[in-house]
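**Q** Chains as they are written, first to last, in the working numbering: chain U, 5 to 243; chain Y, 164 to 393; chain P, 285 to 525.
Some hints could be false.
Straight-line alpha carbon distances no greater than 25 Å define the calculated SDA-like cross-link-like pairs of lysine to any residue that follow [to be verified]: (1) Lys274(Y) - Pro452(P); (2) Lys217(U) - His296(Y); (3) Lys338(Y) - Gly351(Y); (4) Lys212(Y) - Pro452(P); (5) Lys474(P) - Leu97(U); (6) Lys474(P) - Leu63(U); (7) Lys449(P) - Arg366(Y); (8) Lys338(P) - Leu218(Y); (9) Lys450(P) - Tyr235(Y); (10) Lys474(P) - Leu302(Y); (11) Lys212(Y) - Val429(P); (12) Lys338(Y) - Phe235(U); (13) Lys337(Y) - Gly176(U); (14) Lys449(P) - Leu218(Y); (15) Lys212(Y) - Arg225(U); (16) Lys456(P) - Met277(Y); (17) Lys212(Y) - Leu448(P); (18) Lys450(P) - Arg230(Y); (19) Lys450(P) - Pro275(Y); (20) Lys450(P) - Gly229(Y); (21) Lys181(U) - Gln249(Y); (22) Lys212(Y) - Glu216(U); (23) Lys180(U) - Asp202(U); (24) Lys450(P) - Gly272(Y); (25) Lys449(P) - Arg271(Y); (26) Lys217(U) - Tyr335(Y); (27) Lys375(Y) - Leu63(U); (28) Lys450(P) - Leu226(Y); (29) Lys474(P) - Asn140(U); (30) Lys474(P) - Thr439(P); (31) Lys337(Y) - Leu221(U); (32) Lys337(Y) - Glu216(U); (33) Lys450(P) - Ser381(Y); (34) Lys449(P) - Leu226(Y); (35) Lys338(P) - Ser221(Y); (36) Lys338(P) - Lys474(P); (37) Lys274(Y) - Met457(P).
Looking from chain Y toward chain P, a few residues come up when the C-beta cut is under 8 Å (computed) [stated by the list, open to error]: (38) Pro231; (39) Arg242; (40) Tyr246.
These are computed hints drawn from the structure, not numbers from a lab.
All C-beta atoms, glycine included, are put in the ideal place defined by N, C-alpha and C.
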Amino acid sequence: MVRGLTYQYRPGGPFILKNINFQAARGEIVVVAGLSGCGKSTLCFCLCGAIRHNRDGVLAGEVLINGKNVRELRAAGLALEVGMVFQDPDTQLFSPTVEDEIAFAPENLCLPPDRIRERVEHVLELLGIAALREANPYRLSGGEKHLVALASVLALDPPVLLLDEVMSGLDGAGRKKVAAVLERLRGAGKTIIAVEHDLEAVDFADRLMVMEKGALLRYDRAETLLADRDFMGEKLWHS
Amino acid sequence: MAFLELNRVSFAYPKRGRSALTEIDLALGRDEITAIVGPNGSGKTTLTKLMIGVLQPSGGQILLDGRPLAGYSLGEIGRRVGYVFQNPDLQLFCGTVAEEIGFGLTNRGYKPEMVEERVQFYLDYFELGSYRHVFPLHLSRGEKQRLAIAAVLANEPLFLILDEPTTGLDAYRKKLLADYLQKIARLGRGMILVSHDEPFVGRMAERVVTLKDGRIQSDSGRKGNTAHES
Amino acid sequence: MNLDPRTKMVMVVCLSGLALLYNTPGQLLLVFAVTVALLMIFHFELGVIRDYLKPFLSLMLFLLVIQCVFSPGGKVLVAAGPVPLITAGGLSTGVSAVLRIMTVAAAAMLFTTFSSRDFILGLVQWKVPYELAFMVSIALRFLPVFRDELGNVVTAVQLRGVELKKVPWREKMALYRRLFFPVVYGTMLKARQLAVSMEARGFRVYPRRTYLRRLNLLGADIAVMLVCLVSTIMLIALHFT
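All chains should be built: construct the whole structure from the sequences, respecting the hints.
**A** As structure tokens, this is what we get:
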């Protein structure tokens, strides 16, 4: 649940996020859409705590995840609640093999080795990348890197998942894979918030949020908004 | 005559053992828009890097404008062929957006007023005007993408290669890009689009080359020729 | 022979230590020879070693000349009039410096025989705080990233139509200077994004971490480490008596 969230890059500067309010329940997939530069990614950073803890700027308002205020949770303690996959896989992958990369998160959480092994195997299979187990992430193709980045966050098994433009980096087959995974996660009660440009790739979404210049324009059930072709046309496609 | 010709080109990454590309035969002209499609890892980006001279083929030969590619320096290739990388971060290196767009022209000795005119045009067309003095790496992914494309286009190359140009672009900007590319194609600049984006490809490309596992699976052929499958 | 990375680290430290200790070309040549022999035992071919040391060649030549000219001593071999250019002492110092660098660089090749994961595991199992181990490992991992960044920028600049070879020196320097800042800043931004991503995955939530794998010191490891340490200590003692 997000209440009255506002954000400025620096005090007195332009508001990057203006009074965002919304709620997302367990087992829901929310897609955030809007033109480039409208603040979608910034919103995600606020939700996962990256902005509160790692960047400067003035943040006001509250973000509550599972009833807990994000600001009161310790920096990386948020990792247990929220997992975020960033837009550029190259700046997220650093381990010598894919397996190590996926093991990174559960290792941080101090899980015993056999549980770590379980999680790694589970995620490798879930995304169908078991064949890449020993590969060096740096040398994979663009789409494969995106899958590995997603895998490394799924290993956290967080109740809330934030995805920044994950579909854009994938081809048709990759998108199908990820779509299937997201639907499975939804069934397991996870909350997924995905920022996407290509709304067709996430047509299984429950709710849709449209942003413009930092403000939340509309937040509604996906079918309702998509059916409103005038609004969508004007706000997203300028047609 | 073909502007860019690949004859039996093969390539294998030295550390990876297996072949990334095998026996590629392709002839592309300045009068067509070609799309290269195929699943992840089929060798699309590798193929374009060979075309631009960043990688050297392990077998076969590439000809640019009739001369072997190996005989050109990267700078000479850059003046003829504009390449937009998949990841915009790899090709933005100036201190401000305006500088980035004007870089190629300034270095070719164009007068500052002319450069300014062109820079202004591209800033306006790609709606980056408000970012004129911003450091390029501070922009969002989509904005960086537009900037990279603008910077390459500003150079007015004879031929363009765009690797996944629509990643990070919203529907509206994709349309803008498609319009612009079609406009310059009509002015006689051939281009290659590597893309997963089927609607974009469908709208833009007259010729579609499909790659799979490093080989050409199908090529819908040059204008006027019948398509062939290999 | 699969040795624990920690054993290899001990070997590198011993060899580098001896290289820094000794001063004469004779002794240093021996240390260098031992290093190369060791590398060959680890399946490094002479050709590979030579290719690895090649980029250092210009630096080494430069060093040789500087040392020769600026630390004269002993018999004068070549003189330009009254000024001694190459002396026996200078030559000896120069050759020593070169051998020293080659030994340390070659010894470092041992680091390429194991992954950064094992490097971190090794250090952590020896009670080094994991933050430190990661810091070193990622710094090492970022070196090729930085080199790639530079390479990318050089390629990108050329692809924008700039003929680097034809640009006169002064302009080229000005160009590099202008590009330096965005490249460094760009790398720093990437480093920061990596940090955010690591924290988002729980890095440093707890003061300890568990690990998927463990390293085990076998009998061979202990034996080799003991041999290295004992012989190094003996050699150091001998040197000072």
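**Q** Compare the distance between the alpha carbons of Lys456(P) and Met277(Y) with 25 Å, and conclude whether the hinted pair is satisfied.
**A** holds, 23 Å
**Q** Are the Cα atoms of Lys338(Y) and Gly351(Y) separated by 25 Å or less?
**A** holds, 20 Å
**Q** Would you check the hint for Lys474(P) and Thr439(P), treating anything up to 25 Å between C-alpha atoms as holding?
**A** Status holds; Cα separation ~19 Å.
**Q** Between the alpha carbons of Lys450(P) and Ser381(Y), is the straight-line distance 25 Å or under?
**A** Answer violated: Lys450(P) to Ser381(Y) is near 42 Å, above 25 Å.
**Q** With a cut-off of 25 Å on the C-alpha distance, tell me whether Lys274(Y) and Pro452(P) pass.
**A** This hinted pair holds, its Cα atoms lying about 20 Å apart.
**Q** For the pair we were handed, Lys450(P) and Gly272(Y), check the Cα-Cα distance against 25 Å.
**A** With a Cα-Cα distance of about 14 Å, the restraint between Lys450(P) and Gly272(Y) holds, given a limit of 25 Å.
**Q** Is the Cα-Cα distance between Lys450(P) and Arg230(Y) 25 Å or less?
**A** holds, 21 Å
**Q** Does Met457(P) lie within 25 Å of Lys274(Y) when you go C-alpha to C-alpha?
**A** Between Lys274(Y) and Met457(P) the Cα gap is close to 22 Å, so the pair holds against 25 Å.
**Q** Quickly compare the C-alpha distance for Lys338(P) and Lys474(P) to 25 Å and report which way the hint goes.
**A** violated, 30 Å
**Q** Would the hint linking Lys474(P) and Leu302(Y) be met if the CA-CA limit is 25 Å?
**A** holds, 14 Å
**Q** Holds or violated: are the alpha carbons of Lys450(P) and Gly229(Y) at most 25 Å from each other?
**A** Status holds; Cα separation ~24 Å.
**Q** Is the hinted pair Lys338(Y) and Phe235(U) satisfied, with a Cα-Cα distance of at most 25 Å?
**A** Holds. Lys338(Y) to Phe235(U) sits at ~18 Å (cutoff 25 Å).
Hint compliance for this structure: hints 4, 7, 15, 22, 27, 33, 36 and 38 are broken, all remaining hints hold.
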